[in-house]
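Take a look at the letters that make up each chain.
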Amino acid sequence: MPVPGDNLLEVENLRVSFGTEHGTAKVLDGVNLNIRPSEIMGLVGESGCGKSTLANAILGILADNARHQSGSIRFAGKDLLAMAQRRVESEVRGRSITFIPQDPFGSFNPLFPIGTQAMEVMKWKSPRRVAREKPGIAGLFSRYPRARRRADAAAVLQMLRTVQIARPEAAFGKLPHELSGGQRQRLMIALALLPQPQLVIADEPTTALDATIQMQILKLLKRLAKEREVSVLFTTHDLGIAYEICDRITVLYAGQEVETAPVDDFFRRPHHPYTVRLLESLPQPGRELREIGGQIPVLVDPPAGCRFHPRCSRATEQCRAERPAVTALGGGHHVRCYHPITGTGHP
Amino acid sequence: MTAAPDILRKLLRDPAAAAGLAIVLLLVAVALLAPLLATHPEAVWDMNPHQRLLPPSEAYLFGTDRMGADIYSRVLFGARITLTIAMVAVGAALLIGVPIGLVSGWRQSWLGETLMRVSDIFLAVPQIILAIAIAQTLGPSIENVILALSATYWPWFTRLVHAEVRSLKNETFIEAAIALGVPAWRIILLHVLPNVTSPIIVRTSIGMGFTILTASALGFLGLGAPPPAPEWGRMISDSREFLPEAWWYALAPGLAIFVVVMGFNLLGDGLRDILDPRIRRAGTGR
Amino acid sequence: MRIVALILRRVAWLVPTLAGLVAIVFFISRVIPADPVALLAGETASRAQIELLRQQLGLDRPLIVQLLGYYRQLLSGDLGTSLFTTRPVWDDLSARLPATIELTVAAMIVAVVLGIPLGVIAALHRNRFLDHLLRVFTVAGLAIASFWLALLLQLFFAMDLRWFPLQARITGFPPPSLTGFYVVDALLEGNVARLGNVLAHLALPAITLALPALATIVRFTRAGVLETLQKSFVMYQRAMGIPAGLIVWKYVLRNSLISTVTQIGLLFGILLAGAVVIETVFQWPGIGGYAFEAILHSDYAAVMGFTIYAGVVFGIANLLVDIGHAVLDPRQAAP
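Residue numbers (our numbering), protein chains in the order written: chain Y, 27 to 373; chain H, 3 to 288; chain P, 728 to 1062.
No lab work stands behind these hints: they were computed from the structure. Predicted model only: the values in this text are computed from it and were never measured. Be aware that one or more of the hints could be misleading.
[To be verified] Derived SDA-like pairs: lysine to any residue, alpha-carbon spacing no greater than 25 Å straight-line:
1. Y:245 / Y:131
2. P:958 / Y:138
3. Y:104 / P:976
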C-alpha cells in the first residue's frame, strides 16, 4: 500500500496560459494532481477543459506561445519545470515518462516503416542505453552499437507479441497505413512500455478507435501497466471508460480540477455539482438525455473564482469571489467546492 | 468576399504589403508625371554627343548614356513603357484566360478538354522562349511584345480558374442552384465568378511582376521597342559594350526593374495572405 | 510496374502537346510580315524568280499541307537549316546542348544544396529575425532581372576584383571530350588545373541562374516544413524525447521534400528560361546563347527550331522529375 505523500507525480498549483490573437487564454488555473506509483489515474473532462494541456505541460512540450506562470511539477522528487530542457528531453521524456497519443495513425511518420520508427525510439530510450553513448550533433551522426541494437530489436519483437500483434517480424517492415487502427495503438502501447517508464501518459488513446476494439485495447493497457507496476495518467471525456480501467479519477473543468476520488467512491458518492451533473448526463435506458445547461467558459476571459459558478445552481457570492480550497473527504477523496452535494449520488 | 475598404485596411497593416502597394502607386505616379519629374525631359529622345557617357553628377543623377541622354529621365519615361506593357499584357491574358477557364471548368465537354489541351501546349515551354519566337517573327515593337506576352500568359489564368470552378461545382450551394433550374450562365456570373475573384486578383499582381521581368528580358534581347525608346531592358543591353568604364549605365534601369517587380510581388503576397490565407505562402514569382 | 505505366502515360500526354506546340510555332513562322522567300531570293530577284523559289520551297501550298510536311520533316529529325550557320539546326543545338545542361545542373545543385537548408531554417525561426531576413532575400531574388544581376556580378567580380573570369566556359583548351561536360571531362582527365579553370568559369553563370530557383526552393521548403511541423507524428516524437534536431533534419525534412521535389519540374522551366539571357551575358556556348544569336541575325529557322527543341528538352526533364517523385513517395498510387 503506497504511503500517502509518497507520490510519483505531484502537480501543484499549476498555471499555464497561452498567448493568442484574442488575448491571453488562461488554460490551466492552479491545477493540483497527484499520482501514486502503480496507479491508473483518470483525468476526466469535456473537450477544451485543459486535459491535453496538462499532459503536454508534464511532458514539457507546450507550444511556443505558452507561458508557465506558476506552480510546480514534481516527478520522482524532482521539479520538471526547474530542470534543464535538454535533461528533460533525454532523461524524462520517452524514458521515465512515456506517451500514448490519441491518433495512432497520424502519430507515425507515413514515409518510414514502423520498424524504423520503433528502433529510433529504442536507439534513444532503450533501458540498455548507457550514459557514455554520445548523442552527436542535435541527434545526428550518432552511433547505435550493434550489440545493443540486436538486444533492443529482440525486446521490441517480444513486446509486439505481448501486445498481441501477430507476426511481429513482418510488421517491422510495414508502413503505418498498412496496419489497422487497433494494431497501431497496440504498437503505441508497446513503444510506451519498452523504455520501462514509471509513468505513461495516455491522451484519449481509444477515441480514434472503433468501439468494438476500444475495450480490448484498454484492458490490455491496464493489464500490462499493473504487471509492470507502471502508473498511467489517462485522459478521457468518457466516464464509462474511466470506470473500466482507472483506480482514481480527477475531474477537470475549464482548467480547474474540481474533484478527485477513488473510482468506486467517485461513482457512488460524487460531491461536486459538476461531477454530479456529468454522471447524470450519462445515457440511461428509459430516461431522456439530460444535459448540463450553459457553455464552457471562454478562456481568454474566464469566470472569476470557481469557473463552474455560472452554470451551477448552488453558486453563491463566495463561489464568484475566490476559488474553493481543497477539502479532504477521507479515503483519498478530495473536492473543491463551497457547497458540495452530500448524500448518495447517482448510479 | 470582403469589401475593398476592408482589404485596403488589412493590407496597410502588413508592412511588406503596404510597401508593395506604395511602390505600385509610385510607378503609376512616375509614369503619369514623367515629364514633370524628369530633369531633362527633352533629352530623352535626342542625341547630345557632347554629353555622352558622363558619370552621375548633380545635373545627371544617374549619368548619361551613349547618346548623351540623361539616364534618370529616360528611366522615368521608361516607366510608361513598362506600365503599359504590363497592364495591357496581363489584362489581355486575363480577358482571354478567365472565360476559357470558366467554360472548360464548368462542364466536362470535348470543348473544355480541348481548351485545356491548348493551354497545356502554351505551357510546354517556358514563357519567354515562346515569347521570343512570337516577338522575333513579328518584329521588335511594344505592341508585339504585348502580343507575345499576353499570348503566353493566358494559360495561367485559365488553369487557375479551371481548378477553382471545378472545386466550386462540388459545393452544395452550387448544386442547389443547378437543381433549382438556374441557367448555367447565371450561376457562373453571379455565384462562381465572385468566388474566383480572389485568386485572380492575387495572380494578376504577381503576373504583373513576372510580365515586367519577361518584357525587359525581351527588351534586353533586342526584341522590344526599338531605340531610341527608353525601354529598361534595352537600356541595360546597350550598356554592355561600355562596361566596365561606364559602370553607372546599367544601374538605374536595373534598379527600376528590381523595385517595381519587388513592389508587385510584395503586393501580391500581401493580397494572397488576406484574400486566401489557406493558399500556402510559397509562390514561384510567376 | 507503376513507373512504367507512369512513363507511358506521360509520353502519351507529351506527344500531342508537342505536336500542338509545333503547329503554333509553324503558324507563327508563317505570319512573317516580310516575305521570307523574297528575302532568300535576294534584292535583285525578279517577281518570277521569287515565285519559282516559292514553288521550289513548297511555300505556295496550303498551310495545312505545309504543316503536315513540317511534321514529316521534324520526325526525320530535321529542325530546319540555320540561315546564319547554314548547318542543320539540330546539329547546332545538339553540339551546344551539353554546355546548357552543365550550367543548368550546376545551378540546380546550388539552388537545392543552399535552398533546402535555408528553407528549413526559415521555418524553424518562423516570424523571427532569420525568417524575415530570408523572406526579404527570397522576394528580392525573385524580383531581380537575371541579366542585370549577371552584368553586376560580371562588373564586380570579374572586371573589378578579377576573382572570376568574365565569360565563356574555359580559358584555353577544353579537356578531351568524353561526355561534353567540361567538369566531368576534366575530372576524368585528372587535370586539376583545368578543373579549377572550368569551375571558375562556371561559378558566376551558375550562381546567377540559380538565384530565382534558390528563392523558390527556400519558399516552398519553408512552407512544406511549417506544414509538416503541425503533424501529429512530430508531436509524438517530441513527446517521446527524440532529439529535436533529428526530428527536423531526418523526419520532417523527408516529408517536406515531397512537395519540394514536385516543384523541381517548375524549376526547370525557370532555369531554362533564365538560361537564354544568362548565356547571352556570359557568352556561354549553350542553346540559350544560340537562340540569342539567332535573334540577332534574324535567323527565323533557327529560332523556330530552338523553340521546338526547348519543348522536347523541357518535356523530358519534367518526365524525369515525375519519375523521381514517384520513387520518393512510396504512397504514390496514381499521379
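These are the hints, each one checked on the structure:
no., hint, result
1, Y:245 / Y:131, "21 Å, holds"
2, P:958 / Y:138, "15 Å, holds"
3, Y:104 / P:976, "32 Å, violated"
The earlier numbered hint that this structure contradicts is number 3, and it is the only one.
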